Amino acid sequence: MGEFISILVAGVATGCLSALVALGFIVTYKATGVINFAQGGLVTLGAYLGYWLIVQVGVPRALAYVAALALMFCFGMVVERIAHRPLRSRPLLVVVIATLGIGLVIQSGLQTWQGSDPKHLSTPLDGKVLHVLGANIAYWDLLIVLVTAVVVTALMLMFSRTQIGRQFRAVSADPDVASLYGIPVARFGLIAFGLGGLLAGLAGLMMAPRGSLEISMGFDAMMTAFAAAVIGGFGRLGGVVIGALVLGLVQQLGSAYVSDSFTELYPFIVMIGVIAIWSQGILGSEERVRV
Amino acid sequence: MVKRRVLGLAALASVGVLAAGCGSSESSSSGSSAGKSSEPVKIGLIVPLSGAAANPKIYVDPANDAVARLNADGGIDGRRVQVIKYDSGFTPEEAITAARKATSDGVSALIGLPVVSQVLAVKPVLDQSKLPLLFLGGGQEAEYHADDSKGASEYSFRIGTPANLTTESGVEFSIRNLRATDIGLLLRQESAAQSNQELLTRAATDNGGRVSAARVITEGGTDVTSELLPMKDTDAIVSNDYPPTLALILRQMQQYQMTQPLVGEQSAAQVFINRLAPAALTKSLYSETPCNPSDSRRPETPAWTRAYESAHGYTPDANSAITYDSFSILKDAYEKAGSSDSADVLKQLESLDYTGGVCEDYKTDPVHVTGHSAVIMSFADGTPRTVQEFDGL
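Line order of the protein sequences matches chains A and B.
So in this note's numbering, the last one in the first sequence is 1024, and the numbering has no gaps at all.
So in this note's numbering, the last one in the second sequence is 400, and the numbering has no gaps at all.
Just to be clear, a hint being listed does not mean it is correct.
Sample of chain B residues facing chain A (criterion: CB under 10 angstroms; computed from the structure) [unchecked claim]: (1) 45; (2) 47; (3) 63; (4) 64; (5) 153; (6) 224; (7) 225; (8) 226; (9) 229; (10) 230; (11) 233; (12) 255; (13) 281; (14) 283; (15) 284; (16) 288.
DSBU-like, lysine-lysine: derived pairs with alpha carbons at most 35 angstroms apart [claimed, not checked]: (17) B/64 - A/852; (18) B/157 - B/64; (19) A/852 - B/92; (20) B/108 - A/852; (21) B/290 - B/239; (22) B/354 - A/852; (23) B/157 - B/92; (24) B/157 - A/852; (25) A/861 - B/290; (26) B/108 - B/354.
The calculated label-pair distances, taken between Cβ atoms and stated as ranges, are [to be verified]: (27) B/45 - A/826: 47 to 57 angstroms; (28) A/895 - B/107: 54 to 64 angstroms; (29) A/1006 - B/148: 33 to 43 angstroms; (30) A/917 - B/266: 53 to 63 angstroms; (31) A/879 - B/320: 33 to 43 angstroms; (32) A/830 - B/91: 27 to 37 angstroms.
In case anyone wonders, no lab produced these hints; they're calculated from the structure.
The model shown is predicted, which means the values in this text are computed figures rather than measured ones.
Glycine included, each C-beta is placed from N, C-alpha and C at the ideal position.
Full structure from sequences and hints, please.
This is the structure we're talking about:
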């Protein structure tokens, strides 16, 4: 029982990390129609910024997290200024490839800045566990789940209950009409990329203490998150979170009880299975017209 | 800080000259037509410079030190030595690309390749170019067999521990020294994972123990719960994975209150050196490695290690020591060959008997393996200590 619960919680925590990255995809996609493949590089950048501020500069931890997230919001906007704004009139594929290129540039830049030897970002919660029904649950994993729940709730409330959220949805539904109503569509694109960067940075900061910081950590996370976004129906926050949780659980439970030979394939097996049955994802997709 | 670094480099250079004097005095007298050339001897360092598990400094720093020492000592047959770095990554494709680039750059020899599949992949490139490769990765598949097309190129020489020792000493140590009966195996995801599992299982049985759980860990994962929990009741865990994964295993062992020892290969030393896990967790960590530069009985090694630490600010591991030694081995072979002709150099590498290394003595056996010892390191008291030596195999 204890072992099953441990595996279950590990699956949920892994899924939550994927959800944070996937939400970054979705926020950007909803506002601009662009799948931002710089997300992987931004995840890594967020983790390294946290390491730099806390370990190398010595900034107090809480302040360092806030500063890292603020910087990540700015980096997200920089990605928009480089890969989206100047290329808006070009085919969508060009913009997507440009974002992927920026992700690789971020990765190379980090390697030059911090070297490619792995690093560790510790937290005060290291080694602290909660004992529940024979399972040892890491407090950090619980924090990951809590942070993801707060972020998802905040995003859902923002999109459904606030003026800016309604404008976001208007931009998402039809940018031309939104523009006619005086909504600054371009500015929303900028903010969406910023939010995407912030969410990627948050995912990187939450991911770093679980493993080691290394240059390609964000790329692996991005691939799983992309599968989660597809499973959930690209564009729907709830669907993406469900997709990410399903993937995290399938990976952990599959590895434990089916075979450990296919652990990295499980997300994509599930993704292919889901879109074969529901072509629009679990909750269906939102129609999107490119800005 | 800068002064300390300069002093460190100076110390390293002097130790290098001293080590060269001790180790290769017998080889410095042979004449060579190559000695008349003013062209530098280019040596390619073909190691992972990028990628998740890459830690280039442990190869690049000793390579630069070795070249500085060789040049201070007159180069190879009077020719200046130049090291050119190539990123081998971790895949066969990257290794082939890097080896081809090195060939087109006109290097005289290659040092590097820590992954067995890469050593096998570059075989056609080496056979065609007749370029000697001193490789750092273990594995029985990468041995050379003159009567068999399988295995590595005849121009490949393993610098370091033989494959059977690399694979089995961790298990043997766990059973004989740590009194473990049930062994858990956490294996790196690679093409040789299945054969490694078979070898380790056989080693456990041969030593009177058994493997009660074996799992393969996905590369780049951030959670090993499902792989680790089946090992809960084992007496020791043996893993051949890379440093980031070993650090993750240690942290999750702490989470699941698993207190048994974790025995890794050379990567385990990197977990300690790079502080990837807190000191409290590395107390139960052991590393199987060709040598322990921090705790060696070889006369030239302590001074080399001190100078290295002073120059680079971190403790050298066996990879660094072997990389450093590889340059001395090449110098020895080239000068004894008396020419840069590949057949002559090959002959010298095949009959290599080099005793001046900072890691160990090197003597080529019929399958082109030159190292013949291994040690088990413990980090329990906060420094890398040798707790078991395997020698003369």
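Against the structure, the hints come out as follows:
no., hint, verdict
1, 45, "violated (34 angstroms)"
2, 47, "violated (27 angstroms)"
3, 63, "holds (6 angstroms)"
4, 64, "holds (6 angstroms)"
5, 153, "violated (35 angstroms)"
6, 224, "holds (8 angstroms)"
7, 225, "holds (4 angstroms)"
8, 226, "holds (7 angstroms)"
9, 229, "holds (5 angstroms)"
10, 230, "holds (5 angstroms)"
11, 233, "holds (4 angstroms)"
12, 255, "holds (5 angstroms)"
13, 281, "holds (6 angstroms)"
14, 283, "holds (5 angstroms)"
15, 284, "holds (7 angstroms)"
16, 288, "holds (8 angstroms)"
17, B/64 - A/852, "holds (14 angstroms)"
18, B/157 - B/64, "holds (32 angstroms)"
19, A/852 - B/92, "holds (23 angstroms)"
20, B/108 - A/852, "holds (31 angstroms)"
21, B/290 - B/239, "holds (18 angstroms)"
22, B/354 - A/852, "violated (43 angstroms)"
23, B/157 - B/92, "holds (28 angstroms)"
24, B/157 - A/852, "violated (38 angstroms)"
25, A/861 - B/290, "holds (18 angstroms)"
26, B/108 - B/354, "holds (25 angstroms)"
27, B/45 - A/826: 47 to 57 angstroms, "holds (53 angstroms)"
28, A/895 - B/107: 54 to 64 angstroms, "holds (58 angstroms)"
29, A/1006 - B/148: 33 to 43 angstroms, "holds (36 angstroms)"
30, A/917 - B/266: 53 to 63 angstroms, "holds (59 angstroms)"
31, A/879 - B/320: 33 to 43 angstroms, "holds (39 angstroms)"
32, A/830 - B/91: 27 to 37 angstroms, "holds (32 angstroms)"
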